[in-house]
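A.B. asks: Using the sequences and the hints given, assemble the complete structure.
As they're listed, the protein sequences go chains A and B. Heads up: the first sequence begins at 5 in my numbering, then just goes up one per residue. Heads up: the second sequence begins at 341 in my numbering, then just goes up one per residue.
Please keep in mind that the hints were generated in silico from the structure rather than gathered at the bench. Possibly wrong hints are sitting among the right ones.
Stated by the list, open to error - SDA-like mimics (lysine to any residue), calculated; alpha carbons at most 25 Å apart, straight line:
hint: 1; chain 1: A; residue 1: Lys424; chain 2: B; residue 2: Arg403
hint: 2; chain 1: A; residue 1: Lys424; chain 2: B; residue 2: Gly672
hint: 3; chain 1: A; residue 1: Lys435; chain 2: A; residue 2: Gly265
hint: 4; chain 1: A; residue 1: Lys128; chain 2: A; residue 2: Gly200
hint: 5; chain 1: A; residue 1: Lys619; chain 2: A; residue 2: Lys385
hint: 6; chain 1: A; residue 1: Lys424; chain 2: B; residue 2: Ala354
hint: 7; chain 1: A; residue 1: Lys435; chain 2: B; residue 2: Arg403
hint: 8; chain 1: A; residue 1: Lys619; chain 2: A; residue 2: Thr513
hint: 9; chain 1: A; residue 1: Lys435; chain 2: B; residue 2: Ile401
hint: 10; chain 1: A; residue 1: Lys385; chain 2: A; residue 2: Glu459
hint: 11; chain 1: A; residue 1: Lys396; chain 2: B; residue 2: Thr574
Bear in mind the structure is a predicted one, so any value in this text is a computation, not a measurement.
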Amino acid sequence: MTDIFLLQGGIHPPQHKLQSSSQPLRTLPLPSQLILPLGQHVGALATPEVAVGDLVLKGQLIASANGTISASIHAPTSGRIRAIEQRPITHPSGMSGPCIVIDTDAQERWLDITEPVDYRQRSKADLLACIHQAGITGLGGSSFPTTVKLSTEASITTLIVNAAECEPYITADDCLLRYHSAQVVDGIDIVLHLLGYPHCLIAIEDNKPEAIAALRAALQNRTDIDVVVIPTKYPSGGEKQLVQILTGQEVPHGGIPADLGILCQNVGTLGAVADAILQGYPLISRITTVTGSYVGQPGNYRVLLGTPIEHLLTATETPLDNIERLIIGGPMMGFSLQNIQAPVIKSSNCVLVPDTQELPWPDPAQDCIRCGHCEQVCPAKLLPQQLYWFAKAHEFEKARQYNLMDCIECGACAWVCPSKIPLVQYYRFAKGRSQAKLVEKYRSDHARQRFEVREQRFLQAKVDKINRRQARITTAAHQQAEKTNHSQPLSSDKLPSVNPVLQLKQLKTAVALAQTKLKKATQALSDAESMQSLSRSKLATTVAALQAGLAQAEKQFQHQQQTMGLDPEREKSLKIAAVKAQAEVRQLQRTLDDVEESGRTASTEQLATAKTLAKVARKQLDIYLQGDHKT
Amino acid sequence: MVLPQITSPHISGANRTGQLMLWVILATLPALALQTYWYGYGNLINVILAALMAITMEAAIIRIRRRPVVFYLADNSALLTAVLLGLALPPFSPWWLLLIAVLSAIVFAKHLYGGLGNNPFNPAMVGYALVLIAFPVEMTRWATAGIDLSMEDSLRITFMGFSDVNGIDSWTHATPLDLVKHKGAQPIDALIASPEMGQGLKAAYWVNFAYAIGGSMLLCLRIISWHAPVAMLTSLALISSVFYWVDPQKYPSSLMHLLTGATMMGAFFIITDPVSSATSRLGKLFYGAAIGILVYVIRTFGSYPEAMAFSVLLMNLAAPFIDYYTRPRSYGHQSSWWR
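C.D. replies: Structure, rendered in structure tokens:
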């Protein structure tokens with residue numbers, strides 16, 4: 005017998021389970037229309053695979069999973085696709101969502117299903133693909149795609165089968181175990197096979213003696229699977245709580261049970277897995293508890309997915325006019341449905357139609373007296389009243405520090421609250437706002453990063469362009485120099501022997517080059533300026549070097565002029581060019597001063613860019629001057 | 341058809357703030373009965389008068405604050421404050437003393453801080469401490485144990501003052517804690533042997549016992565948690581036994597400290613006030629233990645014979661601090677001690 009550990013906190017709300025569990029499992033008559041929302045699961049919406057007007061067979065794929073975290077949807081019966089449109093969906097928001105609507109033809113024609121081979125002979129990937137294709141999601145209420153959980157990389161040592169069903173009123177899992185325990189055990193076997201045969205614990209609350217007996221009968225004294233009967237206490241069925249009850253370990257904050265080598269599966273999900281692997285049936289129906297004072301025939305029903313709640317109510321002899329409120333799920337964590345046209349979906353484990361006596365309207369909230377009862381029942385060991393004060397004061401950051409995000413919204417705190425404060429509502433509000441703020445911050449950070457990277461990229465492109473150009477010029481200058489060397493193997497002091505006109509031409513080119521370089525430097529300076537930062541000294545060096553280069557070029561030019569009188573026209577134009585170059589140098593100097601005044605510090609990247617620019621310019625100048633000396 | 345949207349949970353337990361307060365009031369009844377038995381009708385008159393005053397003031401101030409009067413009165417918190425004040429103030433306190441105490445408790449200590457749940461200090465103790473400091477003469481006239489005074493005379497004293505009744509001296513008396521405080525060099529044994537001390541102690545033991553009974557009832561009903569009372573009584577017992585062990589003739593025994601004065605009332609009815617005390621379980625232990633020590637220190641070395649009100653008010657101030665450092669470790673988190 006496995007030891008069990010005490011659940012921290014928790015409450016004992018009235019059970020109200022007998023209303024439904026005392027009745028046999030029944031099948032609901034076929035509705036005339038089925039509405040299948042594309043988003044019945046956690047994750048991306050499924051993609052429709054049928055068109056309006058198509059005939060579909062029972063079990064046919066009508067919408068395929070869109071990625072890993074998504075689930076396929078199959079036709080729950082044969083019929084014709086009437087529409088693919090927005091319909092009210094089974095969601096607390098009361099919103100509409102994309103749905104595939106099927107007009108049923110009452111013929112229940114099945115798709116041809118080939119007899120599957122023994123799963124023990126199939127590969128793990130094959131089995132997982134099969135489960136994925138069957139559209140199976142967590143049927144305990146989470147509706148998380150089962151394949152994602154099953155394809156964990158972690159080494160699983162314990163499989164926990166969740167049959168706790170701790171919420172009042174709900175008896176769907178209880179009913180499944182009472183009538184189909186063998187199927188559940190088959191599902192367990194398949195999952196055990198997938199996970200490499202870890203130990204299996206089936207957790208079930210002690211308020212379900214018949215289910216326990218049925219399960220034990222189906223297990224026939226197997227030693228690899230233990231049925232662990234746990235005391236009835238809400239919320240024992242929460243995944244993290246169950247892990248703690250069965251193993252004494254706590255799932256680390258932000259982690260999943262697989263971090264502890266534990267995998268949890270709901271019994272309903274395991275039943276669906278058995279159906280998919282052994283029979284080849286996709287997930288097209290589920291057991292739903294229909295209960296509450298207004299329901300004429302309370303009990304558990306096998307319901308086709310997509311069955312409108314209205315049909316469910318009519319078929320269970322529930323007077324529609326009397327309904328005051330309708331809850332999908334249990335009274336602790338379920339949500340109130342606004343429109344009874346919404347359908348039963350994969351996660352709908354219970355439809356509760358209470359009268360105001362059994363579920364009275366909420367009392368007006370009184371002041372919090374900090375009695376601390378909420379803290380004593382909180383299964384996540386939070387400080388609910390402290391979180392309430394933070395939420396009320398919009399101090400979301402503080403609420404996060406007090407681990408608001410660890411709240412599982414079980415509602416135990418609100419249940420015990422003597423002042424009847426809707427605590428869970430405050431936590432949802434705070435969570436939403438806090439999350440929204442985080443998303444906002446993330447987005448702005450992201451946008452800023454993108455902007456910075458983009459600017460960097462543009463600058464780099466400019467630098468590269470300049471580098472390329474300079475490289476070309478350098479090559480050209482080298483070639484020129486070589487040419488000169490080849491044609492005139494004499495040193496520069498023997499200038500007079502060279503053709504003076506040619507030399508003057510070369511010098512003119514040199515001055516033009518100097519001008520171009522100055523222009524480049526000016527451009528680089530203004531670029532850097534536009535980035536609002538640059539290494540001042542580096543650029544100053546560049547400019548100084550360039551100035552020196554220019555002066556030298558001019559000096560040479562003058563020297564040449566003196567050596568051999570030239571025609572005044574050319575001389576004039578060269579002089580003008582030299583003056584222009586000087587003016588540009590001055591302008592550059594001014595810009596430099598401006599930058600100095602603004603006194604901004606350069607970021608490292610921009611400094612590097614400026615350095616590169618300066619280096620290139622200096623190198624250019626050196627080469628140029630060398631060439632100049634040679635000439 | 342659009343059905344109403346209500347968020348979960350859709351059911352709630354039977355706890356109601358008004359009922360909790362009512363249970364606490366009921367739990368004081370044994371003590372009220374015994375206080376009436378030993379000290380005459382004084383406390384009964386106190387309680388009734390204070391209750392009437394408190395309800396009137398509460399209604400008035402809720403009205404001024406433009407809140408629904410009946411809804412807020414139904415939390416019974418004003419009534420509880422009044423009952424605790426009525427029990428704590430000396431029997432046959434003049435009516436105006438009650439009025440000032442209740443006024444400062446309900447209006448100043450509670451509503452001016454934002455009403456129920458927002459008051460940093462225990463309202464009853466604020467009222468008590470205020471009149472204790474302002475009117476020391478009236479506050480140190482405790483009735484003689486075993487007094488026999490008619491209802492008519494009791495009412496006359498309350499409303500007309502002492503001078504109208506004959507034989508005043510015979511019915512007011514120093515309490516055991518007063519006697520210990522002013523015993524001088526006299527050894528404790530000799531003091532206890534004196535008849536007035538004997539009678540006083542007997543009455544005090546009985547009354548404290550009654551508070552303990554009422555408190556245990558609240559514990560059984562889980563209206564209060566055991567943490568603060570147990571911590572306070574333990575720390576008081578420990579510190580007093582250390583001193584008793586050092587000099588049994590100078591310092592009274594633990595038993596005397598535990599069963600005289602307002603020890604039991606404080607342990608079960610005052611420091612368990614949820615609003616002004618520490619909230620986490622560990623926090624309540626620290627809170628209670630600190631009050632126990634403060635009570636001993638003030639009783640023994642301070643100038644007041646009784647120390648409950650001051651200790652509680654001091655620790656009220658420290659409650660948010662205690663709460664901050666005694667946050668429980670949340671599920672799946674590391675212990676926060678080194679944070």
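A.B. asks: Assess, step by step, whether the Cα of Lys385 of chain A is no farther than 25 Å from the Cα of Glu459 of chain A, and give holds or violated.
C.D. replies: Since the Cα atoms of Lys385 of chain A and Glu459 of chain A sit roughly 48 Å apart, the hinted pair is violated (cutoff 25 Å).
A.B. asks: Given the proposed pairing of Lys619 of chain A with Thr513 of chain A, does the C-alpha separation stay at or below 25 Å?
C.D. replies: 23 Å, holds
A.B. asks: Need the status of pair Lys424 of chain A, Ala354 of chain B: alpha-carbon distance at most 25 Å?
C.D. replies: It holds: about 10 Å lies between the C-alpha atoms, which stays within 25 Å.
A.B. asks: Is Lys435 of chain A within 25 Å of Ile401 of chain B, Cα to Cα?
C.D. replies: 36 Å, violated
A.B. asks: Hinted pair, alpha-carbon criterion (25 Å max): Lys435 of chain A, Arg403 of chain B. Please report holds or violated.
C.D. replies: 35 Å, violated
A.B. asks: With a cut-off of 25 Å on the C-alpha distance, tell me whether Lys424 of chain A and Arg403 of chain B pass.
C.D. replies: 23 Å, holds
A.B. asks: Hint check: Lys424 of chain A vs Gly672 of chain B, CA-CA at most 25 Å. Holds or violated?
C.D. replies: Distance ~28 Å between Lys424 of chain A and Gly672 of chain B Cα, so the pair is violated.
A.B. asks: Check the hint pairing Lys619 of chain A with Lys385 of chain A against an upper bound of 25 Å on the C-alpha distance.
C.D. replies: 63 Å, violated
A.B. asks: Check the hint pairing Lys396 of chain A with Thr574 of chain B against an upper bound of 25 Å on the C-alpha distance.
C.D. replies: 37 Å, violated
A.B. asks: Check whether the Cα positions of Lys435 of chain A and Gly265 of chain A lie no farther apart than 25 Å.
C.D. replies: 29 Å, violated
A.B. asks: Can you confirm whether the C-alpha distance between Lys128 of chain A and Gly200 of chain A stays at or below 25 Å?
C.D. replies: With Cα atoms ~10 Å apart, Lys128 of chain A and Gly200 of chain A stay inside 25 Å; holds.
When the structure is compared with the earlier hints, violations turn up for hints 2, 3, 5, 7, 9, 10 and 11 and for no others.
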